[in-house]
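*Asks:* Use these hints to put chains B and C onto chain A, whose structure you have.
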Amino acid sequence: MKLPGFENSREGWKQRSSLEFRHRIDKFAGRLFFVFSIIPVFLAIAILVMMIYKSWPIMKTHPLWQMLTGQVWKPDDGLFGFLPFIAGTAWVTLVALFLAVPPCLLTSIFLSEYASHSLRAFMKPLLDILAAIPSVVYGVWGTIAIVPFIQNKLQPFIHQHLGTLPFINSNNPTGFGILSGAIVLAIMVAPFIIAVLYEILSNIPEGLKEASLAMGTTRLQTVRWVVIPQALPGIIAGIVLGASRALGETMAVLMVVGNVAQMPHSIFDAAYPLPALIANNYGEMMSIPLYDSALMTAALILLVIILIFNITSTLALQHVLERNI
Amino acid sequence: MKNRWAGRHVAETIFKGLMLFSFGLVAGSLALILWTVISKGLPSLSWSMLTQAPQGGYYLGKAGGVLNATLGSLYMAGGGTLLALFLGLPIALYLETYLGRSVWSRYVRLALDVLWGIPSIVYGAIGFIIMLAIGMRASMLGGIIALTLLELPILTRAIDEVIRMMPRDLEQAALALGATPLEVATRVITRQMLPGIITGVLLAFGRGIGDAASVLFTAGYTDRMPSSLLRPVASLPLAVYFQLSMPYPEVQNRAYAAALILTFIVLVVSLSSRWLGGKLGKFIIK
Amino acid sequence: MQPHIQIRNLNVFYNRDQQALKNVNLEIPHNQITVIMGPSGCGKTTLLKSMNRFLELTDGSQISGQVLIDGEDIYATGMDVTEIRKKAGLLAQHPYPLPMSIFDNVAFGLRIHQMKKGRHLEYAVQHYLEAAGLWTEVKDRLHQPATRLSIGQQQRLCLARGLAVEPEILLADEATSALDPISAQHIEERLVDLKKEYTVVLVTHILRQAKRLADYVIFMYLGEVVECGPAIQVFDHPQQERTRAYLEGRF
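Protein chains in written order, with my numbering: chain A, 60 to 384; chain B, 18 to 303; chain C, 6 to 256.
Bound conformation, chain A alone (with noise of 0.2 angstroms):
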C-alpha cells in the first residue's frame, strides 16, 4: 500500500541524502550533549579541588585535627578552634530535628495512609509553597515573632518551672539563640522532610498493606507492625537527607541564632554555626593571615559534612525506592 499516484518518483519529498544526514547531525548532537553532560563532574571536582587548594596554606601550620577540636577562635592571634562552630551546627541541627521528625512522620503517615484524595490533592500545592518560601522571609518571622516570644513567654515560664534542669538553664536574655534557630530551620526542613518521607510510604505495595488488613488489624496495627517496618531504611534516610538541608542553611539561622563563637550549654544559649561564620566574615578579612583560608576550611569541613549526609542519603533512598518497586 505505498502511495499510489507518487510510486518510484521522490516527487513531494526533500532532496537531500536524507539518512546520512540525520545521522551525522545525530552523531554531532551526541558529542555536544557529552560535552555539557562533562560540566556536572567537572564542576563537581573543580569545586572540592578548589577549597582543599585554598585551606591548604592553613592546614600546612595548624594540624587540622587541633583546629576541630580547639576551643578559641581569635584569629587576630592565629587561633582558629572550630568546635564552637561544629558544635552549634550541631545543636542547630539536632534540636531542629526532634522538633521536625515527629510531626513530619505523623504527617505523612496521615496523607499515605489515612487522607482522603481531595486532601492529598490540597496537601501536594501546601508543600511546594512552603518549600518554595525564601529562607531570609523565615528569618524575618524568626525576627518578629519566634525571637520575642522566646524572649518574653516561653523562656522566662520555662525557667521559672524548669530552671535548674541540665540543657535548660541559661543566662542569655535575648531570645536569640538556639531554640529560635531551630523552630526556623525545623519548619523550613519539614516540607521537605514529609515530601520524601510521603514519597516512600505511598511507594509500600498495597498488597502488603491489604494482606495485613484482612487478617483484622486496624489499620494503626497494620502501620505499626508493617508499614512501619517496611519503610524504616527509607525513613531513615529521609531524615538525614533532611538533615543535610538543615546543615548547610544559612540566612534563616543567621537571622536568630545570635552569633556568639561559644561553646553552647543550654536551648536557650546564642551559638555560632559555621555557614553563619561564613555569611558573616568571608569576603571582609583579607588583612589577617590565613583568615580566609581558615574560613574556607570552614566551608570545606561543613561541604564534607553535609557531603556525606547527602550521598549516602541519597543512594540508600535510589536502593530503597528501587527495590520496592
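Since the hints were made in silico from the structure, they are not lab data.
One should not assume that every hint holds.
[What the hints assert, rightly or not] Below, computed lysine-lysine pairings styled on DSBU-like, alpha-carbon distance capped at 30 angstroms: (1) Lys113/A <-> Lys133/A; (2) Lys27/C <-> Lys144/C; (3) Lys122/C <-> Lys296/B; (4) Lys144/C <-> Lys216/C; (5) Lys122/C <-> Lys92/C; (6) Lys216/C <-> Lys200/C; (7) Lys92/C <-> Lys201/C; (8) Lys33/B <-> Lys183/A; (9) Lys200/C <-> Lys27/C; (10) Lys119/A <-> Lys133/A; (11) Lys92/C <-> Lys144/C; (12) Lys86/A <-> Lys121/C; (13) Lys92/C <-> Lys200/C; (14) Lys27/C <-> Lys92/C; (15) Lys183/A <-> Lys268/A; (16) Lys27/C <-> Lys216/C; (17) Lys183/A <-> Lys296/B; (18) Lys201/C <-> Lys144/C; (19) Lys86/A <-> Lys92/C; (20) Lys201/C <-> Lys216/C; (21) Lys201/C <-> Lys121/C; (22) Lys122/C <-> Lys144/C; (23) Lys92/C <-> Lys121/C; (24) Lys268/A <-> Lys33/B; (25) Lys86/A <-> Lys200/C; (26) Lys216/C <-> Lys121/C; (27) Lys296/B <-> Lys144/C; (28) Lys57/B <-> Lys212/A; (29) Lys57/B <-> Lys86/A; (30) Lys121/C <-> Lys144/C.
*Replies:* Frame of chain A; chains B and C shown alone:
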C-alpha cells in the same frame, strides 16, 4: 475480647488525633508565616516603595523604595535560570536518550547529586574566589554566575526526574518508526515533558530569586538601580537581610516590604507553574 | 523466492543467566500473516523484538546468531538501526500515541524521513489514515490531541503512523489484547487487508485469533521453536506432541 477491641480503637483515635494535630501544625505554620509577612509588609507597601530606589542618604536613607532590589533580583534570577536551562536541558535529555543506564550517566547523576547538596553559602564563597582570581569585583554578572551554579543541579535533576517518569513505550514508539535518539529527544520528549520542564524551570527560578547566601559576596549590595552587568546590584533577599537589622523603622519598613514582594513573586511563580502545567498538558500521554 | 525473514541460530539472554530464546531457526514468508503463538513467557515477544532490534533497548540483553531481512543480517556491524526499524514497523500491545495532534502523529514518521510539508504531506496523511480505517472518524478533528481518541481508535492511529514510514514488514505484538472486541475486529480486518502489501508477523496467545488469521504458524514453548509451518498443516496435523497438547488446551 471486647475490651481488647475497645483498646485498639482508643489507640487508633489517639493516633489519629496526633496526626491531625501534626497536619494542622504544618498547615498552620504556613498560615502564620504568610500572615506575619503580609501584616508587616502591607502597611509599608506604597507606590513609591514599588517604583523607587532608596532615597535620602547612603544606606540609611529613610525615603524611597526597593525597586532596585526587585529589578536586581529579577535580572539575576532570570539570567541564572536561562543559563542553567541552556546547560541543564541538554544534560537531562542526553542522560535519558543517549546514555540510558551506562556508567557515565551514573557518574553524571552522582555529580549532580553532589552539586545539589552543596549549600548556597559555599557557592557564594566559590563564586567569590573565582571572581578574585579573574580580577572581577562584586557585580550582577558574578551574581548570575553564582545563581547558575546553584540552579543547575536543581533544574537538571528536576527535568531528569520527569523524563525518567515518562513511559518507556512512548520513546520506543518513536524509535520503532526509525527516529534517531536526537529526534526522539527534540520532537517527542520535550513535547511530552513540556509541563514538567516548565515546572523545573520555575522551581529553579524560585530557589534562585530567594537565595541570599550565594549573592552575598558575588553580587554585593547597592542603593542604586541596576545599570550594568559589571556593577554591584541589590537583590530582594539581601534588601531584607541588611535593612531589617538597621535601627530606623523607616529602613526596617523597606525590609518588610521587600520580604512581602519576594514572597509574592515566589508564590506567583509556584502557583503559575501548577497552572501552566495543567494548561500545557493537553497533548500529554498519561 | 527467498523468505522475507530468516532467523539462524538465534540465542537471547537476559542478565547473563536467563535464556529467553534457545537456538531459534526459522523462515518467515513474504506477504502472509505469520502467527507466533505459545503460552505466556515462552519468548514470543522476544522473538518479535529481535526483528527490529528492539532487544538492545533492554538492559542486560545479549544476542547471538543472525536475523536476515531480504538476505541481509540486521545484526551485522555497520547496519543502520533506524533504517531497519523503518523497514519493520511495530504495532505495540498498548497504543502509545505521541504527545501531539492526530495529524502530527501520522506526519511524524514522514517528517523525520524528510517529506516536505504541504499538499503532498496532507495527501499522505489522509492516505495512511484511510489504510488504517480511521479516516472517516477523524477527518474533522485532525488537529485535536491524539489522546482524545478512544483506545481502539488510538491503536488504529498507531497503525497508520507505522504504515506512513512505508515499512515492508509489520510486527504486531498482541496488538488487539488491550482492545474491546469490536476494535479488535477492526484491527484484524486491517491486518488481513494489509498482507497483500506487507509481511505481517503477529504475536498472540489467543488460539482462536491465530486460527482466524494465520497463513503460517510458529509455535514456541520455553524459548524454543517447537514447530513451524503453513497454518493448515500445523493446526490439522501437528507433528509434535507438545503442539498437539497446546492446541487441545492441555497446557
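*Asks:* Hints first: check each against the structure and report whether it holds.
*Replies:* Comparing the hints with the structure gives:
1. Lys113/A <-> Lys133/A: Satisfied, since the Cα-Cα distance of roughly 20 angstroms is no more than 30 angstroms.
2. Lys27/C <-> Lys144/C: violated (47 angstroms)
3. Lys122/C <-> Lys296/B: holds (28 angstroms)
4. Lys144/C <-> Lys216/C: violated (34 angstroms)
5. Lys122/C <-> Lys92/C: holds (22 angstroms)
6. Lys216/C <-> Lys200/C: holds (16 angstroms)
7. Lys92/C <-> Lys201/C: Distance of about 16 angstroms is within 30 angstroms: holds.
8. Lys33/B <-> Lys183/A: holds (20 angstroms)
9. Lys200/C <-> Lys27/C: With Cα atoms ~29 angstroms apart, Lys200/C and Lys27/C stay inside 30 angstroms; holds.
10. Lys119/A <-> Lys133/A: holds (18 angstroms)
11. Lys92/C <-> Lys144/C: Given that 30 angstroms is the threshold and the Cα spacing comes to 27 angstroms, the pair holds.
12. Lys86/A <-> Lys121/C: holds (23 angstroms)
13. Lys92/C <-> Lys200/C: It holds: about 15 angstroms lies between the C-alpha atoms, which stays within 30 angstroms.
14. Lys27/C <-> Lys92/C: Measuring from Cα to Cα gives roughly 26 angstroms; hence the hint holds.
15. Lys183/A <-> Lys268/A: Answer holds: Lys183/A to Lys268/A is near 23 angstroms, not above 30 angstroms.
16. Lys27/C <-> Lys216/C: holds (26 angstroms)
17. Lys183/A <-> Lys296/B: holds (18 angstroms)
18. Lys201/C <-> Lys144/C: holds (26 angstroms)
19. Lys86/A <-> Lys92/C: holds (22 angstroms)
20. Lys201/C <-> Lys216/C: holds (19 angstroms)
21. Lys201/C <-> Lys121/C: Distance ~28 angstroms between Lys201/C and Lys121/C Cα, so the pair holds.
22. Lys122/C <-> Lys144/C: holds (18 angstroms)
23. Lys92/C <-> Lys121/C: Within the cut-off at roughly 20 angstroms; holds.
24. Lys268/A <-> Lys33/B: Satisfied, since the Cα-Cα distance of roughly 18 angstroms is no more than 30 angstroms.
25. Lys86/A <-> Lys200/C: violated (36 angstroms)
26. Lys216/C <-> Lys121/C: The hint is violated at about 42 angstroms.
27. Lys296/B <-> Lys144/C: At roughly 25 angstroms apart (the allowed maximum being 30 angstroms), Lys144/C and Lys296/B satisfy the hint.
28. Lys57/B <-> Lys212/A: Holds: Lys57/B and Lys212/A sit about 21 angstroms apart, inside 30 angstroms.
29. Lys57/B <-> Lys86/A: Distance ~57 angstroms between Lys57/B and Lys86/A Cα, so the pair is violated.
30. Lys121/C <-> Lys144/C: holds (21 angstroms)
Hint compliance for this structure: hints 2, 4, 25, 26, 29 are not met, and every other hint is.
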